[in-house]
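Trainee: As a plain string of letters, each chain reads:
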Amino acid sequence: MLPPPGGLNLNATSVETVGDTTTMRFTRSLADGRFPFIPSAAAMNFAYGEVSGGGTPLQHCSTCQYFDMETVNLTLAAPAPGSVPTVDAAGAASPAFVAPHDKRDGWWVAHGVLAVLTWAFIAPYAVTFARCVSRDAQRMHAAALLTTAIRHAGSRRSGER
Amino acid sequence: MPSLWFQVHRALQAVAVVLQIALLTLTARFNSMDSSLLSVHGTIGWIVTGMLGVQFGVAALLRPAQDAPRRRLWVLSHAGLGVAVLSLALVNVCIGIALYHRNRYGVSNLYMPLSGWVRLGTASKRACTACPP
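Chains as they are written, first to last, in the working numbering: chain D, 1 to 161; chain A, 162 to 294.
Mixed in with the good hints there might be a few duds.
[Said to hold, decoys possible] So the derived label-pair ranges between C-beta atoms look like this:
(1) D:ILE150 <-> A:GLY218: 33 to 43 Å
(2) D:THR147 <-> A:THR204: 22 to 32 Å
(3) D:TRP107 <-> A:ARG231: 20 to 30 Å
(4) D:THR148 <-> A:VAL201: 36 to 46 Å
(5) D:ALA110 <-> A:GLN227: 39 to 49 Å
(6) D:THR148 <-> A:ALA175: 42 to 52 Å
(7) D:PHE121 <-> A:GLY241: 19 to 29 Å
[Claimed, not checked] Taking beta-carbon pairs under 8 Å as the criterion, some of the chain D residues facing chain A (in silico):
(8) TRP108
(9) GLY112
(10) VAL116
(11) ILE122
(12) ALA123
(13) VAL127
(14) ALA130
(15) ALA149
It should be emphasised that the hints constitute simulated quantities derived from the structure, not laboratory data.
Don't be surprised by glycine CBs; every beta carbon is placed ideally from N, CA and C.
Full structure from sequences and hints, please.
Mentor: Here it is, written out as structure tokens:
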């Protein structure tokens, strides 16, 4: 899910400042499904907004660490005194943003691989066997496959192409 | 002893049912998301699973004998439902691929997986010389 064209304002659920860096966590926003994915090539600006509203100093994210689907830590430079950290995913370029692969990507990929295996290969073959292939054609097909496999194995062993 | 094609057909369908159950259990790992396309994907997935259950369970149990009067009706309904569930599932696979691309790369392109499927289908049809016209 990309940020909407008008921008997406999220309030950090926890903010920690250690030395020169501030870490903001957005656990609830992500767990609620408002921001389920942060793409690796996300174009986002991260900024601090002033409480008083006057003279908002924009400050780009220096490094962003992407831990899992529910927590994103954004490490920013130290905020201006009295400011409240927010993130503004407004769609502008932010070359500093680096998001490693999501842990749950593996589950998505496994789901997809199983679906493709089931519905693009196994089920069509099941239908083909029921509808298209006569007994003689099956025997011929099996013989052709076996012959091809033997010839292929033989040519690889002898170094032919 | 059932003929070879029937045994292969039955075995492949059994594998498909097992894999469908496995890929459904994987969805428990996903967060609920607010995408309408994702809810369409999930709904179609459940419909496909239900149809597959009917196809594999009820249709197989109700299979009449070769010379039974209801045999032709059963063959037509079993084949029709089979093609319907396969088509629906393949469309859903395409929606899933498009969803993954949109969420991962910010690109939503349904045409890409659909065109790949059409190309695969055309090639399979050409390869299947024993198909009736």
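Trainee: Return holds or violated for the Cβ distance of D:ALA110 and A:GLN227 against the range 39 to 49 Å.
Mentor: holds, 41 Å
Trainee: So, as I understand it, the hint says D:ILE122 touches chain A; can you test that by seeing if any CB pair is closer than 8 Å?
Mentor: holds, 5 Å
Trainee: Taking the closest Cβ pair, is D:TRP108 under 8 Å from chain A?
Mentor: At about 6 Å, which falls below the 8 Å cut-off, the nearest Cβ of chain A leaves the hint on D:TRP108 intact, so it holds.
Trainee: Is it true that D:THR148 and A:VAL201 lie within 36 to 46 Å of each other by Cβ?
Mentor: At roughly 42 Å between Cβ atoms, A:VAL201 and D:THR148 fall inside 36 to 46 Å, so the hint holds.
Trainee: Grab the minimum C-beta distance from D:ALA130 to chain A and call the hint holds if it beats 8 Å, violated otherwise.
Mentor: holds, 5 Å
Trainee: Taking 20 to 30 Å as the stated bounds, is the beta-carbon spacing between D:TRP107 and A:ARG231 within them?
Mentor: Roughly 44 Å apart at Cβ, these two residues miss the hinted range, so it is violated.
Trainee: Tell me if the beta carbons of D:PHE121 and A:GLY241 are separated by a distance inside 19 to 29 Å.
Mentor: holds, 22 Å
Trainee: With a cut-off of 8 Å, does the beta carbon of D:GLY112 approach a beta carbon of chain A closely enough for the hint to hold?
Mentor: holds, 6 Å
Trainee: Mind checking the CB of D:ALA123 against every CB in chain A and telling me if the closest is under 8 Å?
Mentor: holds, 5 Å
Trainee: Kindly confirm whether 42 to 52 Å is satisfied by the beta carbon distance between D:THR148 and A:ALA175.
Mentor: violated, 27 Å
Trainee: Would you check whether D:VAL116 satisfies its interface hint, that is, whether its CB is within less than 8 Å of any CB in chain A?
Mentor: holds, 6 Å
Trainee: Under the criterion of a CB-CB separation shorter than 8 Å, is D:VAL127 in contact with chain A as hinted?
Mentor: OK, holds: D:VAL127 within 8 Å of chain A, min 6 Å.
Against the hints set out earlier in the document, violations occur for numbers 2, 3, 6, 15.
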